[in-house]
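Colleague: Below, each chain spelled out in residue letters.
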Amino acid sequence: MTTKTWNLFWGSNFVRAPLQNGVGRYVQQLQRITFKFCKTHGGSKGMREYIEKELIGFARENPGVVVYVKPRRHRSPCLKAEYLNGGEEYISTHVNTCEDIVKWVEYLRGRSGYPVERLRKYHHTDYPSIQGPWTPWIHRHPGINIKEYPCEELSAVQPTEISATQKLLELYEQQKQQQEGVGSTTS
Amino acid sequence: MVITSPTLFARARGGDRFWKRRRVVSLSAHFYGRKRNCYTIAIKYVNRALRYNTLARRLRKSDVRELWTTRISAACTELGTKYPDMKIMMDDSSIALNRNMLQNLAIWEPRSFRALALLTKSRQEVGLNSLEGPSPAGVVTRGML
Numbered sequence: 300m301t302t303k304t305w306n307l308f309w310g311s312n313f314v315r316a317p318l319q320n321g322v323g324r325y326v327q328q329l330q331r332i333t334f335k336f337c338k339t340h341g342g343s344k345g346m347r348e349y350i351e352k353e354l355i356g357f358a359r360e361n362p363g364v365v366v367y368v369k370p371r372r373h374r375s376p377c378l379k380a381e382y383l384n385g386g387e388e389y390i391s392t393h394v395n396t397c398e399d400i401v402k403w404v405e406y407l408r409g410r411s412g413y414p415v416e417r418l419r420k421y422h423h424t425d426y427p428s429i430q431g432p433w434t435p436w437i438h439r440h441p442g443i444n445i446k447e448y449p450c451e452e453l454s455a456v457q458p459t460e461i462s463a464t465q466k467l468l469e470l471y472e473q474q475k476q477q478q479e480g481v482g483s484t485t486s
Numbered sequence: 072m073v074i075t076s077p078t079l080f081a082r083a084r085g086g087d088r089f090w091k092r093r094r095v096v097s098l099s100a101h102f103y104g105r106k107r108n109c110y111t112i113a114i115k116y117v118n119r120a121l122r123y124n125t126l127a128r129r130l131r132k133s134d135v136r137e138l139w140t141t142r143i144s145a146a147c148t149e150l151g152t153k154y155p156d157m158k159i160m161m162d163d164s165s166i167a168l169n170r171n172m173l174q175n176l177a178i179w180e181p182r183s184f185r186a187l188a189l190l191t192k193s194r195q196e197v198g199l200n201s202l203e204g205p206s207p208a209g210v211v212t213r214g215m216l
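Protein chains in written order, with my numbering: chain A, 300 to 486; chain B, 72 to 216.
Please keep in mind that the hints were generated in silico from the structure rather than gathered at the bench. Model, not experiment: these values are computed from the prediction. Quick reminder that beta carbons are idealized off the backbone N, C-alpha and C, glycines included. All clues given are correct.
Distance ranges between label pairs, derived from CB positions:
(1) B/Glu196 to A/Leu418: 43 to 49 Å
(2) B/Arg93 to A/Tyr325: 40 to 46 Å
(3) A/Glu405 to B/Cys109: 43 to 49 Å
(4) A/Glu460 to B/Ile178: 25 to 31 Å
(5) B/Arg82 to A/Gly310: 34 to 40 Å
(6) B/Lys106 to A/Glu405: 43 to 49 Å
(7) B/Ala81 to A/Thr396: 30 to 36 Å
Straight-line C-alpha distance at most 25 Å; calculated DSS-like pairs for lysine-lysine:
(8) B/Lys192 to A/Lys466
(9) B/Lys192 to A/Lys475
(10) A/Lys466 to B/Lys153
Far from chain A, some chain B residues (derived; all Cβ distances over 10 Å):
(11) Arg92
(12) Leu138
(13) Ile166
Go ahead and model the full structure; you've got the sequences and the hints to work with.
Modeller: What follows is the structure, given as structure tokens:
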């Protein structure tokens with residue numbers, strides 16, 4: 300499958316944290332985790348090993364997470380994680396080693412409940428502007444608010460090019476300054 | 072119980088036709104007519120759409136850059152300067168702002184952008200560090216501090 304297909308199917312979204320998590324206190328988003336396995340089938344070997352060795356340690360380190368263990372005959376092993384905002388993650392651990400399952404559990408522990416989606420931007424801010432965003436009146440004089448219309452001043456034609464008279468006056472001013480500059484350096 | 076008979080050697084091939092076609096037809100869900108439902112027709116148009124998608128990655132960069140330039144030029148025109156002049160001013164003053172940042176300033180921090188425009192205008196009237204003429208009003212240069 301191409302990346303485009305993947306992104307179209309799985310969707311895209313902006314970066315977000317549930318309820319501004321992490322801005323103040325960080326709350327672990329994992330609510331409950333279910334370990335489903337078969338007691339006899341070979342595919343659940345890694346899962347059984349994990350439950351024997353690592354599971355109690357995990358439960359002690361994460362007192363806020365509810366751990367369910369479901370032995371079901373003739374089913375392949377899987378992990379099901381549920382999060383505080385209602386999101387769910389399902390991971391099949393069929394024929395996975397104990398180390399693999401440790402890594403998957405750690406992966407689930409750190410996730411927020413949002414689904415895996417392409418991030419449109421890697422940054423997000425609720426306040427993109429400090430000075431206030433652009434409005435059509437931000438660069439205009441606030442005096443126009445109290446003008447009485449019709450107003451001759453504002454209805455006048457806005458010249459785009461300077462007139463010949465104006466140009467001559469500017470040239471005169473420039474010459475005068477140059478002469479003054481020359482005068483000051485020589486004196 | 073192991074089956075010891077020639078049927079052991081029978082291969083189970085294929086069986087993927089439905090899923091293969093579904094993957095393709097799911098991409099054509101928004102097309103018109105038979106192009107969205109019939110596989111042999113849809114595959115042609117889906118391939119074209121995917122090809123356009125890969126080619127557009129290059130076009131997007133230039134399109135977005137053009138959009139940024141349009142925005143900056145519009146903001147400059149509103150403030151009575153021009154973008155080429157602003158580029159010259161930024162070059163001389165070693166202000167390294169790219170198009171992306173400039174258009175963001177123009178939209179979200181308009182007063183900062185106005186400061187840049189004023190700097191451009193001042194620089195055009197008399198050179199900022201020139202000894203001729205009066206120093207422009209409202210502009211603070213390094214030498215003053």
